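Peer 1: Each chain is listed here by its residues.
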Amino acid sequence: MHELSIVMHVAKTIDELAEENQLAKIGSVTLQVGEVSGIVTDYFVDCWNYFKRKHPLLVDSELKLETIHAVTFCEDCKQDYETVRFGRICPYCGSEHTYLLTGNECIIKEIEAE
Amino acid sequence: MRTIELHKSVTESNDRDAERLRSELLEKGVLLVNLMSAAGSGKTTLLSRIIGDIGQKVRIAVLEADIEASVDAERIEALGARSIQVHTDGMCHMDAGMTETGLREMGLDGIDLVFLENIGNLICPAEYDTGAGLNIMISSLPEGDDKPLKYPLMFQTSQALVLSKIDTASYFHFDMDKFIARVRFLNPTIHIFPVSAKTGEGMEALEDYLLEQTKAWKEKGSHA
Numbered sequence: 001m002h003e004l005s006i007v008m009h010v011a012k013t014i015d016e017l018a019e020e021n022q023l024a025k026i027g028s029v030t031l032q033v034g035e036v037s038g039i040v041t042d043y044f045v046d047c048w049n050y051f052k053r054k055h056p057l058l059v060d061s062e063l064k065l066e067t068i069h070a071v072t073f074c075e076d077c078k079q080d081y082e083t084v085r086f087g088r089i090c091p092y093c094g095s096e097h098t099y100l101l102t103g104n105e106c107i108i109k110e111i112e113a114e
Numbered sequence: 001m002r003t004i005e006l007h008k009s010v011t012e013s014n015d016r017d018a019e020r021l022r023s024e025l026l027e028k029g030v031l032l033v034n035l036m037s038a039a040g041s042g043k044t045t046l047l048s049r050i051i052g053d054i055g056q057k058v059r060i061a062v063l064e065a066d067i068e069a070s071v072d073a074e075r076i077e078a079l080g081a082r083s084i085q086v087h088t089d090g091m092c093h094m095d096a097g098m099t100e101t102g103l104r105e106m107g108l109d110g111i112d113l114v115f116l117e118n119i120g121n122l123i124c125p126a127e128y129d130t131g132a133g134l135n136i137m138i139s140s141l142p143e144g145d146d147k148p149l150k151y152p153l154m155f156q157t158s159q160a161l162v163l164s165k166i167d168t169a170s171y172f173h174f175d176m177d178k179f180i181a182r183v184r185f186l187n188p189t190i191h192i193f194p195v196s197a198k199t200g201e202g203m204e205a206l207e208d209y210l211l212e213q214t215k216a217w218k219e220k221g222s223h224a
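From first to last, the protein sequence lines are chains C and R.
Going by the working numbering, the first sequence opens with residue 1, and the numbers climb by one from there.
Going by the working numbering, the second sequence opens with residue 1, and the numbers climb by one from there.
Think of the hints as simulated: they come from the structure by calculation, not from any bench.
Treat the numbers as computed from the prediction; the structure is a model and nothing was measured.
Watch out, some of these pointers could steer you wrong.
[Said to hold, decoys possible] Cross-link-like lysine to aspartate or glutamate pairs, in silico, EDC-like; alpha carbons within 16 Å at most:
1) 8/R x 110/C
2) 150/R x 96/C
3) 218/R x 27/R
4) 218/R x 105/R
5) 64/C x 112/C
6) 8/R x 15/C
7) 57/R x 204/R
8) 12/C x 15/R
9) 109/C x 5/R
[Claimed, not checked] Covered, in the sense of this in silico footprint (three residues per stretch, anywhere, with C-beta under 8 Å from a C-beta of chain C), are these stretches of chain R:
10) 86-96
11) 176-182
[Said to hold, decoys possible] Pairwise CB distance ranges, derived in the manner of DEER restraints:
12) 212/R x 82/C: 41 to 47 Å
13) 16/C x 28/R: 23 to 29 Å
14) 40/R x 28/C: 38 to 44 Å
Virtual Cβ for every residue (Gly too), placed ideally from N, Cα, C.
Next up, chain C with everything else stripped away, as it sits in the complex (with noise of 0.2 Å):
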């Protein structure tokens, strides 16, 4: 469900960018998916296929994925360290003051269009 509220998202905005630029047809779109950002990428691979053959702006469109890595920054101990191996807590000083620097982003970086 979620999938296809974000595709629903994405689409707009090439919607909007395709009425700016006078775009007639997309080639592909490339989004950067962070590891803990909640997409499940096979379903939203799923997702996008079953949109796009209603939208005839995207029916040919490739989509392409790319991972941004996840890394939790602890405030304790000053270190970085990998988000989905060790979670919350700090694996060098067991704190729980941690933050995620990155991997909860979900952005379109690009698209190819004529």
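Using the hints, position chain R against chain C.
Peer 2: Only chain R this time, still in chain C's reference frame:
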């Protein structure tokens, strides 16, 4: 084919719509409260109680968002408050565009306070700005004291938290101090209201807060 670089967050166009809706509502002096919670936390029961208690002091309307069915809107309308049912057709959250359409359909003339009863879900409603002036989440006591650990973003984006169904405390192992400490760790400034819509316990503090916020929003709008 040419390449156009965007580097735009997916939520950016929604954030823009939300900002526009928020300033429009400020100008009108209507406070929109985005009410978020898990399914079954008692959102509609809480709203029914609020409408009964303070519906004479401020004019309240409710935007009911559900994936399908209209049972919630019918419950609210039975109390005499204005309400509209929005069906999201499978979408798991309300965004600013859907909220704006719903509000326009319902009409805001003569209304002071609108509750958007968001889809029962603790994940994506937290990620999408609806254009609300105030975000309130409900966590019911039976859901457990570990909810802040599992759904941190929802606790971080809300300005107030209603802990509902406190009349059931004797049936559950719910550690109130632990719960509050976990919430405060995520959000030090959040207002916490433990209530029971059934017995009325704690409702007055929550309702005073809502009246205060409605008044402050109107004042802010008249100076804007």
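Peer 1: Taking 8 Å as the C-beta cutoff, is the stated coverage of the segment 86-96 of chain R by chain C satisfied by three or more residues?
Peer 2: holds (count 5)
Peer 1: Would the hint linking residue 57/R and residue 204/R be met if the CA-CA limit is 16 Å?
Peer 2: 13 Å, holds
Peer 1: Between residue 64/C and residue 112/C, is the straight-line Cα distance small enough, at 16 Å or below?
Peer 2: 11 Å, holds
Peer 1: Between residue 16/C and residue 28/R, is the Cβ distance one that fits in 23 to 29 Å?
Peer 2: At roughly 26 Å between Cβ atoms, residue 28/R and residue 16/C fall inside 23 to 29 Å, so the hint holds.
Peer 1: Verify the CB-CB distance for residue 40/R and residue 28/C against the hinted window 38 to 44 Å.
Peer 2: 42 Å, holds
Peer 1: Quick check: do three or more residues in the segment 176-182 of chain R have a beta carbon closer than 8 Å to a beta carbon of chain C?
Peer 2: violated (count 0)
Peer 1: Look at the Cβ atoms of residue 212/R and residue 82/C and judge whether their distance stays inside 41 to 47 Å.
Peer 2: 45 Å Cβ-Cβ, so the 41 to 47 Å window holds.
Peer 1: Is the straight-line distance between the alpha-carbon of residue 8/R and that of residue 15/C 16 Å or less?
Peer 2: With Cα atoms ~14 Å apart, residue 8/R and residue 15/C stay inside 16 Å; holds.
Peer 1: Assess, step by step, whether the Cα of residue 150/R is no farther than 16 Å from the Cα of residue 96/C, and give holds or violated.
Peer 2: OK: residue 150/R and residue 96/C at ~14 Å, within 16 Å.
Peer 1: Holds or violated: residue 8/R with residue 110/C, Cα cutoff 16 Å?
Peer 2: Holds, at about 9 Å.
Peer 1: Can the restraint linking residue 109/C and residue 5/R be considered satisfied, given a maximum Cα separation of 16 Å?
Peer 2: Holds: residue 109/C and residue 5/R sit about 6 Å apart, inside 16 Å.
Peer 1: Does residue 15/R sit within 16 Å of residue 12/C, going by the straight-line distance between their CA atoms?
Peer 2: 13 Å, holds
Of the numbered hints listed earlier, those contradicted by the structure are 4, 11.
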